[in-house]
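Heads up: the protein sequence lines correspond to chains B and S, in order.
Heads up, the first sequence is in the numbering used here, so the first residue is 6 and it goes up one at a time.
Heads up, the second sequence is in the numbering used here, so the first residue is 6 and it goes up one at a time.
Don't read these hints as lab results, they were simulated from the structure.
Incorrect hints may appear among the rest.
It does not matter which identical chain is used: a pair holds within one copy or between any two.
[What the hints assert, rightly or not] Derived SDA-like pairs: lysine to any residue, alpha-carbon spacing no greater than 20 Å straight-line:
#1 Lys529 <-> Leu475
#2 Lys529 <-> Leu473
#3 Lys258 <-> Arg92
#4 Lys258 <-> Ala593
#5 Lys529 <-> Pro215
Here is how the chains run, residue by residue.
2 protein chains.
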Amino acid sequence: MPEEGLLSQFKRFVVGKPIPAHLAHHERLSRVTGLAVLSSDALSSVAYATEEILRVLILTGAAALTLSAPIAIVIATILAIVVFSYRQTIHAYPTGGGAYIVAKDNLGELPALIAAASLLIDYILTVAVSIAAGVAAITSAFPQWHVNRVELTLGFVVVLMVGNLRGIRESGNIFAIPTYFFIVTTLGLIGVGIWRVVSGDVQPVVTPDPVRSEGASLTMFLVLRAFANGCTAMTGVEAVSNGVPAFRPPEAKNAAATMLMMAVLSIAMFLGITLLSQTYHILPSERETVVSQLARGVFGDRGAAYYAVQAATMLILVLAANTAYADFPRLASILARDRYVPRQFMNQGDRLAFSNGIVGLSAFAGVLLVAFGGDTHSLIPLYMIGVFVSFTLSQAGMVLHWRREGGAGWRTSAAINGAGALVTGVVLIVVAITKAAEGAWIILLLIPLNVMLFRVTRRHYDIVASQLTLRGWQRRARRHNTVLVPISGIQRAVVGAVDYARTLSSDVRAIYVNLDTSATEHLKREWEQWGDGVPLVVLQSPYRSLMEPLLDYIERVSAEQPEGYVTIVLPEFVPARWWHHLFHNQRALLIKGALLFKPNTVVTSVPFHLRQ
Amino acid sequence: MPEEGLLSQFKRFVVGKPIPAHLAHHERLSRVTGLAVLSSDALSSVAYATEEILRVLILTGAAALTLSAPIAIVIATILAIVVFSYRQTIHAYPTGGGAYIVAKDNLGELPALIAAASLLIDYILTVAVSIAAGVAAITSAFPQWHVNRVELTLGFVVVLMVGNLRGIRESGNIFAIPTYFFIVTTLGLIGVGIWRVVSGDVQPVVTPDPVRSEGASLTMFLVLRAFANGCTAMTGVEAVSNGVPAFRPPEAKNAAATMLMMAVLSIAMFLGITLLSQTYHILPSERETVVSQLARGVFGDRGAAYYAVQAATMLILVLAANTAYADFPRLASILARDRYVPRQFMNQGDRLAFSNGIVGLSAFAGVLLVAFGGDTHSLIPLYMIGVFVSFTLSQAGMVLHWRREGGAGWRTSAAINGAGALVTGVVLIVVAITKAAEGAWIILLLIPLNVMLFRVTRRHYDIVASQLTLRGWQRRARRHNTVLVPISGIQRAVVGAVDYARTLSSDVRAIYVNLDTSATEHLKREWEQWGDGVPLVVLQSPYRSLMEPLLDYIERVSAEQPEGYVTIVLPEFVPARWWHHLFHNQRALLIKGALLFKPNTVVTSVPFHLRQ
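The shape of chain B in the complex, shown without the other chains (with noise of 0.2 Å):
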């Protein structure tokens, strides 16, 4: 195309070309891509997990650690569940089976809206809570740069942000480094710290600012906060299963293989992580992870395999926010396209369609960050019941599914569909009464809110589809068309108006407003040289107002036709510089809006060149 439209040339600078539609599907996943890809929200969940049982056992006081292992073992057993839950999902729903598609072919559309609403929820505190660990992450090594926590977190959402309007989740592989890289430190920090366990090398770290206990008693509301908490180690399992058809073929077993994988590393490194910090003696505190703490004790003050770990695991965590990215426009546009969010968010012919997602998303979770001071900790109260809720809605989906589909072993199926259920379910519980005055309310009020604003949006466009449908409907089409020019003026832009309105049609006025008898005479003067045979008409104004006149005239006009179309034709400048807008009036804007709700009446600008 020679000439570029401004917009279109802003567009394809912040958001690039766009994809050839033959070229989209060509990256196929391979289960070690697959695992990179798609299981960064779940591993990487284990850099805070345990912390966050810590942070809840030590008000009672240090002694109350120790029931990290046995709560950390229970979570771990859970997580399995799932996992073996979710696996029957990916050879039910080839196609990518999220909660809400699940919930809706076997649920209902209530259910499926609370599950769309939470996991929408659930995407944006996938990218708070995230980047709010890798920046804790940077800030245990760098102490110094505590205090700028907050615009930390806010530098790392605008470049996920910058980034994926941009487009960097085309190109997949280069997430296969942070994942892996995570894997290996976290792995090898296990295996060392063991080691250095057997050969009785142990020695007590030193707690920097530690939380202090309150002296609380260990009640069972205390241990299952703690528990609930921990639970926090199983968001993002999952992903394996939503992205099913991105796997090479055959894609199932391909997507099944890499949930185990995933699952397995998942829990090795949250059990090994939460024993070591128990024999290592690590307290929860106010400005370094324990895993930071952890390194420190295994690999000692600082070395280079220190930074590993804590490089490792900044970039997995923002690795994970950025799948957020991935999803939330994804499920926005699933959304659109069910009629439950505006059609906006529906079209994904152009990556442009996908922004308004990405804006958004980023936009809610840079407020959540604000608010909850970049603090991990205060954000994941508020994290849990999305997770929860779209879990348990996706496992109870399921049983159904597999009731009305029948078959052989249709039975153990449910089965296990039904435990996944269950065990989420009772989590789901768990959290909402241990958390509810922790920030959870907010999730609690958002998910209705969310549904009927998803309802609010389908009503409309309902009674807006009944409006426009042509069923039974009457054709009435008009013939003529009163074309006026409203002018204040001759010039080549007003002669360029009468030009292109003679086009249109045989019946077209010029009309004046006359606020000085001496100024309308010259004009009807220089009309009889540029007029081109349309007859001017000449309004008073006894108001000297410019609009009154016009707008009783038009008024007058679509009453002598009552069957025809009245078209105001406007000069309007382009100005060859966007601020010169400054120096031109709106009166286009002015009269459209005064005539916007007025039938069969069309105001069209004919746009005048400015050349500098």
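Dock chain S against the given chain B, drawing on the hints supplied.
Chain S only, in chain B's frame:
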């Protein structure tokens, strides 16, 4: 008009009904109302002028305060000279001789623009300083509100803005009340004060939180600083000479008499307050104005007379701020007529035309009040530069006026204005030197910046005019118009757009982008029923984009018909509620943006009104 647009209704609600032309000038000013309306700015400055002198002198210690009397006498003398000088302007410019007009007539473009820039800045500072001083009168009487003074000043700005948007300035007579109330209470204060001095009944006033002496030495520079501060008593004296045509005939004579009366009152009140403050040993305070302390000393603590003085002071200061609300848009309109400011400021046909100026004035004054903590004393250095630049240019212009006019006694007239120009020029230099460091540098930068903006604006309009002139221009009327209707499906809004397009041209084509072959086949069949004979063009889209193929096709059409127009007709939903806009694509805007710079291409939206 039976159906009124939203915008129009909103405008009515905010700014009220327009005034018929024949009513606009029916209220002419007598000398009594003229004094009230046009001298509030000049008279009100005595409320803070004395204090501004004392605040500088106190820096060397309380002993120096006795210098306030000779300084005030010098200022009163200069004020008398300036008033005599301005009385000549009244007779020479019976249609109103503002500094811009006088400078333009006699000194040329650059001095005129400097005067205009100074005046616009001056009006902003009149609002800021008067409101700050008015609020100081309130917080002197009610010290508990002192901490909220910035909020109070902003509250007054909002009240004045909304009041002026609604047109309170039309109702002139109500303005007589605060001015005469102020004159009566202030003369009463001075009278009773003198009587107490004569009867030996003076009790020194206890100053709360007095401004501390910094032990500075009493240099000539410090005395000049005090003098420069006191010259604030002169601000506003030019108002009567600007408003000559508002008087009843004989206009010039009535205006001149009013100006003399104003000068006598101004000098009497300024000298009275300054001398009594000295007798009552009043020290400037951080929390209470000098006038408030004097009123307490004369009338006793917090009696009815005391509160009357404070109320009158507050009222006349708010009224003085209000005069800028009439002056600013008037000058902006004159400058817009001369094409030095954007033409949005020009049209006086509707009250709405003034609203740009009123909102701008309020915003700038609000920013100043926040930036300077709502403190009169901090704002004064900024105020004086603009005032004395315009004084000096105006008087100097008059000298040249008399020389050019000649006639009997022109030398005397020139000498009087020359004396005015000389003293105001000297004050200007004193102010610039002594106040530059205290903030006047901002104004010394803003004036040339404003002048530059005036010139850029004028240059733009001159270039536009040269592109619009019909002189020597060859009209090349185009006759063909290819009308394209891009469609994404078939429904009533699309059929409506096609029906409208059919009235515009015999060459109408519907355009559909093929993204899905089966949907395209379905559409083709539907088109046979609803297309009304309009040919359907199906475009292929290798990149899944809707825009690119459309833009390419438009390119091809305009290449085929280089002497024709291309019109794009789009259906546009007009939702019943404004927030329903969120539910609909901005596709028309995108297409308009992409085609904005394409010659001979017009984009037309055909409204489809949704009922709910």
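Outcome of the hint check:
no. : hint              : in the structure
1   : Lys529 <-> Leu475 : between (48 Å within a copy, 16 Å between copies)
2   : Lys529 <-> Leu473 : between (46 Å within a copy, 19 Å between copies)
3   : Lys258 <-> Arg92  : within (9 Å within a copy, 99 Å between copies)
4   : Lys258 <-> Ala593 : neither (62 Å within a copy, 46 Å between copies)
5   : Lys529 <-> Pro215 : neither (88 Å within a copy, 72 Å between copies)
Going down the numbered hints, you'll see the structure goes against 4, 5, while the others check out.
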